[in-house]
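With these hints in hand, go ahead and build the complete structure from the sequences.
Residue numbers (our numbering), protein chains in the order written: chain C, 314 to 1105; chain U, 220 to 508.
One should not assume that every hint holds.
As the list claims (entries may be wrong) - Derived pair list, reagent style EDC-like, types lysine to aspartate or glutamate, alpha-carbon separation capped at 20 Å:
#, chain 1, residue 1, chain 2, residue 2
1, U, K221, C, D959
2, U, K221, C, D592
3, U, K221, C, E626
4, U, K248, U, D382
5, C, K1079, C, E626
6, U, K499, C, E757
7, U, K248, U, D379
8, U, K499, C, D343
9, U, K221, U, D272
The set of hints was computed from the structure by calculation and includes no laboratory data.
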Amino acid sequence: MSDGFTEIGRALPRKEDRRLVTGRGRYLDDLASPGALHVSFVRSPHAHARILEIDSAEAAEMPGVVGVFTGRDLDHMTTRLRLAPPIEGLQPTELTTLPINKVRFHGDPVACVVATDRYLAEDAAECVTVEYEQLRAVTSIAEAFAPDAALVDDSLSSNLVSHQTLSVGDPAARRAEAHRVVEARFALHRHTHVPLETRGCLADWDDGRAHLNMHIGNQVPHPLRSQLASRLGLSESQVTVMSPDVGGAFGQKIALYREELTVAALSRHLCRPVRWREDRMENLMSAAHAREYECRTRTSVSETGRILGLELEIDEDFGGYCFYPANYMARVIALIMTGPYRIQDYAYEVRVALTNKCGAGPMRAPMAITSWVMEGTIDAIARDLELDPVEVRRVNALGPEDLPYKMPTGEILEDVTPRETLEMAVAAIDVAAFRERQTQARSEGRYLGLGLCTVIESTTYGSEFYKSAGIPGSGHESAWVRIEPSGVVNASVGLMGTGQGYESPLSQAVAEGLGVRSEDVTVHMGNTDIAPYGMGSRGGRGATAGGGTLYLCALKARERVLAIAASMLDLNDAGGLRMRAGQIERMIGDDWQKVGLALTDVARRAYLDPLVLPEGIPPGLDFSQSYDPPAMTYSNSTHACEVEVDLQTGAISIDRYLVAEDSGTILNPIVVSGQQQGAIAMGLSGALLEQVVYDSSGQNLSATLADYLVASPNELPEFEILHHHTPNRRTPAGIKGMAEGGVMGAIGVIANAVSDALAPRGVTIKRLPLTPQSIRALLREAAPSSMKRTQS
Amino acid sequence: MKPAPFTYHRPASLAEALTLLLRHGPAAKPLAGGQSLGPMLNMRLARPAHLVDLNDLIELDSLRVTEDTLEVGALTRHHRLANAPEVQRSLPLLGAAAASIGHYTIRQRGTIGGSLAHADPAAQLPLIAVTLGATLVISGPDGSREIAAADFLQSIMTVDLRDGELITAVRFPLPVGDLWAYEAFSRRHGDFALVSVALSFSRDAEGKIVALRLGLGGVDTVPLRLPEIEARGQGRLADENTIRDLAIATATAIAPEDSEQVPAVYRRELAETLVVRAFKAAVNREEGA
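What follows is the structure, given as structure tokens:
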């Protein structure tokens, strides 16, 4: 931990827990709104179909129904979403608020029923009849790219919505020189976010003031406000976005979704508050999906396993609609693929397909597949050359002597420690002892495996990143810090927490910068009339972008406080002064000593006695600051995991899981630990259980939580966490981001561990999830036909 | 996820419940623990016009052991079955199966009558009832009748229950073999099993298998008892060879549904594995291993 901090790094309990664990949180459904109308969406039962006619006459006459609105109606109330950033290879797209001519996935909303309560709205929604002409559904990447494929978006020339390539150095020449060229394949399946609290909003149009109050659990209130205002033809001063407590988001609550815009437009149209609570089936089917990729690597290696060149192909299934530019997620995978390894000759090709499935979006670690692809490639090299996988990692890993390291894509790695975390993890798991156990177990017919996965986690995402990614908005954050007349501190930043536990760590960043106790700082988030503009919470940027900005703003406040204190102490300047826990201290000799002056005294003077302030110092104590962090900061970690595979059932049990992680300066170890555990749990849950399933006609078969399986604590092991802290030299207080790397590492490490366990049976994991039935299928395929299955 | 409109009834007696069920015929649905019916109502997969809540009929929450029967009232919760000493003593297989249902909160609400009437092919209690040859007591407009569990369960969520009828009790014949096991394979703790096995037998003085009962869940539209496998095992030593032979024979005897998600061959493999594990668990428990 960095020296000298008194507030940063404290294990301060999460401030929000008082209300959250005593059942006094206020979520969307806790907000009363007398007379609010409720909506229910009529959704498409087909994956791909023309809308011929919508008959809502019967529904409109039903009790309590205020109206039934279709895509045509909404097209008069809202503008369309056009995404056309100047990015080579990206086709521009345009969306209406609700579909008018065609539905593009099972669950696509085609009409919105507004009624006096949700029950009546659902009764009426059943009575809206939609006549469809079914079209051939595109349900896989291969189908999307087939020459005769049906077009998912009729306005595009093909389903290849985004296509980028890059070649750095000379990978083809490296291939020609290589001792061996190793090929490997990785297919990650479709996931969805499953926040405990589904999407929802309460739109309250005040016709007198011509103002919309939009209550919505959202990660990015300011960009959402800009979107909402623009799509409704309002100014930003006519829209206030307010996020109450939010029960999870994981990337699902960034975009302005069509349902939410519909609700806002209808509140304005009807001059009534209108609310929508997405139900679980809608959430699983129609909110946003993620992670469906097929990747291939071709690696040129020397005899010792040294990587000479890497060629990567990424295909992504983006679903039916672009709520984000289609290059957004896959681009980061390609950008950081080489990660912890010394590779300079590198090429990639990224192709993104539109299909008749729910639209894709970022999900906690949008680049999650990266570490599995890179580390699975390393293991493939080790297998192919019969080398120790630990040695292949050592031969290629970046060490301190390589830093700062410019990756072939131009990304700069600095203050990262992949070799150190690798060695920590290898030592802690005791690889040699494991190999002995593994050999012994195999002789008893038991199959143990060890996986390793080193992660370079891209975090923070400054303006430079978003600009090059084509995402509207910038990557900077703003903050204000206000010391009130009594000396307590209020502060605000543009982030919005959705369960991370921001309130303590962010108040610690303020307290550290200012010199007060974190307990005396309150951080306000989620109301666009109160919070300053910021890009919000996404991409592991809360700590650096949010905490960093607050810290800088607090430093500015401290400077003023000390200047006033100096004048109150009749000193010429504040040179020998500091503040700790709200008390002014002065360096006397070699010691800091209290001088009997507190922040409360300074605040009183600033607010209530401004006439005696020194010349040039304005009354009051409020400060603002903006900060644009680096395009990226990088954290790193190495995951290690031991598994046992039950050959009879295909079940996988995790015997041990550990991670050595370097996430720089830690604002609050309780919150960081929660993020580490949560991220690993999410990664393992995804790799082992979760899967969005569409059949070949595009029907979603995983629309309940009995079908879309999420891990519970029963399915997860204890996680051992080893800490390593290397501050980032370019950020305030050395902060880096974290909270997504655990997902990346967990997916890679479990896949690698299972491949290791099943190596004697000739099985390598190329496709997730690791369901017991898929493991059995691999074992059946691998078994020589003469070999009969035997029972243990 | 809001149910279609219905009228809610809460009868105070069995007679009143039966009257309501008869009056509303197919439009009525009894509500016991609600652990399956609740979600089905919310998803509008079940849309009864009348919901008859049985939860005041506490006389149906009962356990009675006689020399030759364990009688379980239809409203008995899984939690009680899993923990009642009289079940532990007389029919530990039933208690173990009940203990494995869902999660703690589900077991507090779910009832044996509800589970049988719902007839999920992978559920625990229908499997135990079929394997042990339980009889259901059903009350209706013409008094009460009895029917074997195996006859009552007709297909997936399809049972022999006519308008105005209600399961009031389940009778398990006693005694059963003193060796037993319930083995299930599910994706997560508390999920419905992909395949489950219920096993009960005794060993005679020479160690040979007698009174063998073997049932499988999740391999057909209803839980299956396998009399031909029972006959095959009868009189043999419960050794490796016998166990493997019975397991392979079981896997051959069943014809599970084939789906992309869970192929038939996988369910067969699980059946084979679980039969082996059930025998081993039963023998190990007796031998204290």
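Hint-by-hint comparison with the structure:
For the proposed pair U/K221 and C/D959, the alpha carbon gap of about 42 Å is over 20 Å, so the pair is violated. A distance of roughly 9 Å separates the Cα atoms of U/K221 and C/D592; the hinted pair therefore holds under the 20 Å criterion. Between U/K221 and C/E626 the alpha-carbon distance is near 45 Å, which puts this suggested pair outside the 20 Å criterion. Only pairs whose Cα atoms come within 20 Å are accepted, and U/K248 paired with U/D382 is accepted, the gap being roughly 10 Å.
Simply put, C/K1079 and C/E626 have alpha-carbon atoms about 15 Å apart, close enough for the 20 Å limit, and the pair holds. Proximity of U/K499 to C/E757 is assessed by CA-CA distance (about 18 Å); at most 20 Å being required, the pair is judged to hold. Between U/K248 and U/D379 the CA atoms are separated by roughly 14 Å; this keeps the pair inside 20 Å, and the hint holds. Taking the CA atoms of U/K499 and C/D343, the gap is near 53 Å; set against the 20 Å cutoff, the hint is violated.
Using a Cα cut-off of 20 Å, the hinted pair U/K221 and U/D272 holds, with the two alpha carbons roughly 18 Å apart.
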